[in-house]
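Asks: Next come the chains, spelled out residue by residue.
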Amino acid sequence: MQLTSMAWRNVWRNKRRSWVTIIAMALGLWVMIGYAGLVRGYLRQMERQILDVEVGDVQVHAPGFRDDPSLYRRIDDAAAIGERLGAAGFRASARLLGAGLAAAEDNSSGAQLIGVDVAKDAQVSAVHDAVDKGAWLDPKEPAGVVVGRYLARTLELAPGDELVLLSQASDGSMANDLYRVRGILGPVGGGVDRGGVFLTEAAFRELMGVPSGAHRIIVRAPEGMTLPAAKAGVVAAAGQAEVMTWRELLPVLAQMFDAVMGAMTMGFLVVFVAVGIVLLNTMLMAVFERIREFGVLKAIGFGPGAVLGLVLLESAVQTALGVGIGAGLSLPTVWYLQRYGLQMGPDEGITIAGVTTSRTWYAAPNAETWLLPIAVLLFVVGAAVIYPAVKAALIRPIEAIRHR
Amino acid sequence: MNQPIAELRDVHKTYRQGAVEVHALRGLSLAIEPGEFVAISGPSGSGKSTALNLLGGLDAPTSGRVLVEGQDLGQIGRRRLAALRRDRIGFVFQAYNLVPVLTAAENAEMVLALQGVGAAERRERVARLLAEVGLAGMEDRRPDELSGGQQQRVAIARAIAAEPAVVLADEPTANVDSETAAMLLDLMGRLNAERGVTFVFSTHDPRVMERARRLVRLVDGAVESDVRR
Ligand SMILES: Nc1ncnc2c1ncn2[C@@H]1O[C@H](COP(=O)(O)OP(=O)(O)O)[C@@H](O)[C@H]1O
Ligand SMILES: [Mg+2]
Chain A
1 MQLTSMAWRN VWRNKRRSWV TIIAMALGLW VMIGYAGLVR GYLRQMERQI LDVEVGDVQV
61 HAPGFRDDPS LYRRIDDAAA IGERLGAAGF RASARLLGAG LAAAEDNSSG AQLIGVDVAK
121 DAQVSAVHDA VDKGAWLDPK EPAGVVVGRY LARTLELAPG DELVLLSQAS DGSMANDLYR
181 VRGILGPVGG GVDRGGVFLT EAAFRELMGV PSGAHRIIVR APEGMTLPAA KAGVVAAAGQ
241 AEVMTWRELL PVLAQMFDAV MGAMTMGFLV VFVAVGIVLL NTMLMAVFER IREFGVLKAI
301 GFGPGAVLGL VLLESAVQTA LGVGIGAGLS LPTVWYLQRY GLQMGPDEGI TIAGVTTSRT
361 WYAAPNAETW LLPIAVLLFV VGAAVIYPAV KAALIRPIEA IRHR
Chain B
405 MNQPIAELRD VHKTYRQGAV EVHALRGLSL AIEPGEFVAI SGPSGSGKST ALNLLGGLDA
465 PTSGRVLVEG QDLGQIGRRR LAALRRDRIG FVFQAYNLVP VLTAAENAEM VLALQGVGAA
525 ERRERVARLL AEVGLAGMED RRPDELSGGQ QQRVAIARAI AAEPAVVLAD EPTANVDSET
585 AAMLLDLMGR LNAERGVTFV FSTHDPRVME RARRLVRLVD GAVESDVRR
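Sequence lines, in order, name chains A and B. Under our numbering, the first residue of the first sequence is numbered 1, with each subsequent residue one higher. Under our numbering, the first residue of the second sequence is numbered 405, with each subsequent residue one higher.
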């Protein structure tokens, strides 16, 4: 008769209690795995929104541009910096920025003019994917522009409509030209949604009289590079220009990311403290109602190690079942959440710190989605079982046999 | 005279319950010879269980010495004491105290398993033993499928399976009717006669005392009489 088979049978002595224990573990694990998958999906989605569509990992500006975004504060050697960044493994694309007025028929509105290198910009930004109606910019059609969704609503624009852009060119003259709306963006982020007008680089230079240089370089770091490492790499390539990470550019959002991680940790704690209490309770009951039995086992020759091993094996059996069931249940759940998502907010999405996130959360599982909750569960089981197990192991037979 | 197999020498045992001291044993001396069949009798509270627990190394005396096969239990460490209990002492308890999830055979072979005896040999020895205690064919029954007397037979088989120097039984017949008690006594008497197993048991049942070949009577934690027949 092996200790393991004895442990197995002991588990099934009180079927109801064992199932309560196993189901508590399985449910806790199930919730945690689904939750971990969703939170990772949420963060990835936010990251996609912010970093992919608008911000990038790191940005380069001319010194002072961020405090005073003037047409004249340009990175003169933007092209050379871009080449150095490319050689260092970064993806980089320069943008031209200016303020102006957009007018269509009876309406006009302030506009943020953004000139992009259509081919390169697609490597650092997903804004070209965010077109809701119509199409993205095409270098072959310099008169075509793409506008943000609220601006389009204000000006009652549809693809194909005409649009006049007015501004002051770099030589001080009046800049104005007639354009045609190629596309209207879906939710991207506060500023672009309200006033963004994307032009091809050539059209921007022509309108504003800016033959060279750029206002902003958006940089994406290679997969797996940490943000501080990325910043150091960009600083090395950027010379005099000012280098900032997305965390420095959007501190509120960075804090929110951290808060989401904190909330996830708290959620883990709450669930596992609850599971831990159930476990501690059932394990204590399982040990205390068998004090006599452990005493007899010790009297006839079981050592403390064997009794400890027996109790630990009993909880190992239950844990294995709990993990199996919980992880098994989580497979279809996570699959569903990855595919169909969880409806979290209003139809038009939620805008926080100028960044709009979708109303639907999708899970984005990876190995950690399972491994982390399982590791935490094992830790909780260990913490809950150690006291009853040691208690059982150290029972003095003389007292246990008198016990009733 | 042989060397005693188990011996109490001028043993005192005092329990402290809060401010109250209970003198359970007051200078008890008792030597058990190999092959003896000893009943310890005496009124409730006279110290019978305490004496057996001390002989079995389950508890330590307040003063005096306890020896098993010449070894002073007070002089050996906890590990060796546990090994000595496993290898040299068999226990039978009043409430049977079998492991409920194990079959009769598994309960009986437990000590052998702890000693590392191989599975095949265990099975063979235990099958013979269970037949000897009258449980042939019941090897695979769980304790809750056995009567009280049958459970106590399994407990006796468990106690003698490893061929200990002495079997200590605290009121082994107190939970069964007198007919079953007589049968258990027959069994222990036969194991004593045929196998030479040394038994020390406590009882306050006069019919059980009659069967003993040595009757020790305790009163107030000391020997009042010690009669060999
Ligand atoms: N663990 C203990 N704590 C306090 N008193 C005890 C303890 N064990 C036994 N006693 C007391 O010691 C005395 C002898 O007990 P025991 O050896 O059980 O006697 P018996 O088995 O002959 O009835 C009794 O008065 C009993 O109440
Ligand atoms: Mg007693």
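Some hints here could point you the wrong way.
Stated by the list, open to error - Computed from the model, here is a short list of chain B residues facing chain A with C-beta under 10 Å:
| id | residue |
| --- | --- |
| 1 | Asp463 |
| 2 | Arg483 |
| 3 | Phe497 |
| 4 | Arg545 |
| 5 | Glu598 |
Unchecked claim - To spell it out: a stretch of chain B is covered by chain A in this simulated footprint if at least three of its residues, at any positions, have a beta carbon under 8 Å from a beta carbon of chain A; those stretches are:
| id | segment |
| --- | --- |
| 6 | 470-478 |
| 7 | 510-522 |
It should be emphasised that the hints constitute simulated quantities derived from the structure, not laboratory data. For glycine and all other residues, C-beta sits at the position ideal for the given N, C-alpha and C.
Asks: Hint by hint, say whether it matches the structure.
Replies: Verification of the hints:
no.	hint	in the structure
1	Asp463	holds, 5 Å
2	Arg483	holds, 8 Å
3	Phe497	holds, 7 Å
4	Arg545	violated, 14 Å
5	Glu598	violated, 23 Å
6	470-478	violated (count 0)
7	510-522	holds (count 7)
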